[in-house]
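**Q** Sequence:
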Amino acid sequence: TITFNATSWYAPNKELWKEKTIVTVKSNVISIPDGFNFLIRRVEYANINSGKTASLSLVPPQVFTSEHIPDIFK
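Its first residue numbered 1, the sequence shown is counted upward by one per residue in my numbering.
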């Protein structure tokens with residue numbers, strides 16, 4: 001599981017972030033510059049001084065299937 005902190009309660013499609021949704025993450029920091037699809041396992045919304053944020057707990061969807069999990073997650 002990785003945690004991604006979004007700067008809004010809303011996804012790019014203007015809907016609230018929600019569990020059981022696939023989201024594509026691109027990040028050089030975690031070695032996925034070309035993007036990887038994750039499943040949102042949990043969403044925690046916060047309303048703090050800097051605005052409304054969402055903490056997304058993400059997992060590779062392969063953890064729920066028999067598909068191969070990429071080596072970068074092992």
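Any given hint could turn out to be false.
What the hints assert, rightly or not - With a straight-line cut-off of 30 Å between C-alpha atoms, the simulated DSBU-like cross-links for lysine-lysine are:
no., residue 1, residue 2
1, LYS18, LYS52
2, LYS14, LYS52
3, LYS20, LYS52
4, LYS52, LYS26
What the hints assert, rightly or not - Restraint ranges, calculated between C-beta atoms of paired labels, are given here:
no., residue 1, residue 2, range
5, ILE22, GLU44, 17 to 23 Å
6, THR7, GLY35, 14 to 20 Å
7, PRO61, TYR10, 27 to 33 Å
8, THR24, ASN49, 25 to 31 Å
9, LYS52, SER31, 25 to 31 Å
10, GLY35, SER57, 14 to 20 Å
11, THR1, GLY35, 16 to 22 Å
12, ALA46, PRO12, 26 to 32 Å
Treat the hints as calculated values from the structure; they're not laboratory data.
Glycine is no exception: its CB is placed at the ideal position from the N, C-alpha and C atoms.
**Q** Please go over all the hints and tell whether each is borne out by the structure.
**A** Evaluated hints:
1. Pair hint LYS18 plus LYS52 holds up; C-alpha atoms about 15 Å apart against a cutoff of 30 Å.
2. Our distance criterion of 30 Å between C-alpha atoms is met by LYS14 and LYS52, whose separation comes to about 14 Å.
3. Of the pairs offered as hints, the one joining LYS20 and LYS52 holds, with about 21 Å between alpha carbons and a cut-off of 30 Å not exceeded.
4. The hinted pair formed by LYS52 and LYS26 meets the criterion: a straight-line CA distance of about 22 Å does not exceed 30 Å.
5. As the Cβ distance of ILE22 to GLU44 is approximately 19 Å, the hint placing it in 17 to 23 Å holds.
6. Checked against the hint of 14 to 20 Å, the C-beta distance between THR7 and GLY35 comes to roughly 19 Å, which is consistent with it.
7. Hint check: PRO61 to TYR10, Cβ distance near 22 Å, so the stated range 27 to 33 Å is violated.
8. Under the hint 25 to 31 Å, the C-beta atoms of THR24 and ASN49, about 30 Å apart, fit the expected range.
9. Roughly 29 Å separates the CB atoms of LYS52 and SER31, a value that falls within the hinted 25 to 31 Å.
10. One distance hint, 14 to 20 Å for the beta-carbon pair GLY35 and SER57, holds here, with the actual separation near 19 Å.
11. Checked against the given bound of 16 to 22 Å, the beta carbons of THR1 and GLY35, roughly 18 Å apart, stay inside it.
12. Judged by the Cβ atoms, the range 26 to 32 Å given for ALA46 and PRO12 is violated: they are separated by roughly 19 Å.
Going through the hint list in order, the structure does not satisfy hints 7 and 12.
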